[in-house]
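Model the full structure from these sequences, guided by the hints.
Here the sequence shown is numbered in our numbering, starting from 1 and rising by one per residue.
Honestly, the hints are just simulated from the structure, not real lab data. Wrong hints could be hidden among the right ones.
[What the hints assert, rightly or not] For each label pair, taking beta carbons as the anchor points, the in silico distance ranges come out as: (1) Gly-65 <-> Gln-3: 25 to 35 Å; (2) Gly-55 <-> Asp-99: 12 to 22 Å; (3) Ser-25 <-> Arg-45: 19 to 29 Å; (4) Thr-28 <-> Ser-118: 37 to 47 Å; (5) Ala-14 <-> Lys-43: 17 to 27 Å; (6) Gln-81 <-> Ser-117: 13 to 23 Å.
Built from N, CA and C at the ideal position, the CB exists for glycine as well.
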Amino acid sequence: QVQLVESGGGLVQAGGSLRLSCVASTMTFSIYYMGWFRQAPGKEREYVAGVSWSGGTTYYLDVKGRFTMSRDNAKNTVYLQMNSLKPEDTAVYYCAARDVRRSEYEYWGQGTQVTVSS
1 QVQLVESGGG
11 LVQAGGSLRL
21 SCVASTMTFS
31 IYYMGWFRQA
41 PGKEREYVAG
51 VSWSGGTTYY
61 LDVKGRFTMS
71 RDNAKNTVYL
81 QMNSLKPEDT
91 AVYYCAARDV
101 RRSEYEYWGQ
111 GTQVTVSS
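Have a look at this one:
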């Protein structure tokens, strides 16, 4: 069982920045591919970014160039640096983990609210 705890959400003006953090409680952090997802009111949850143990990343097209995901394996922590935020980035952001041998994310954090005002 892996517990994920996010932090760093808040209210920011359009064009501003926020950094989200997610700490994983596991002794085997290396076997997990980590991802960030978000869900806006009335919309389905969508993939934002992911990072492998070695630091390889993937991004949703809409955030590419504005968001950067990274991980610190020594601290069991992943980050999402969000720059040039837009009102449409407003959502609850979730950290998730999946075993690299599986395709589905198994573990989810409780979410952190990000609100971008225009």
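Quick rundown of the hints versus the structure:
1. Between Gly-65 and Gln-3 the C-beta distance comes to about 32 Å, which sits within the given range of 25 to 35 Å.
2. Gly-55 and Asp-99 have their C-beta atoms about 18 Å apart, which keeps the hinted 12 to 22 Å range intact.
3. Separated by about 23 Å at the C-beta atoms, Ser-25 and Arg-45 satisfy the suggested range of 19 to 29 Å.
4. At roughly 43 Å, the beta carbons of Thr-28 and Ser-118 sit within the given window of 37 to 47 Å.
5. Between Ala-14 and Lys-43 the Cβ separation comes to about 19 Å, which falls inside the hinted range of 17 to 27 Å.
6. At roughly 19 Å, the beta carbons of Gln-81 and Ser-117 sit within the given window of 13 to 23 Å.
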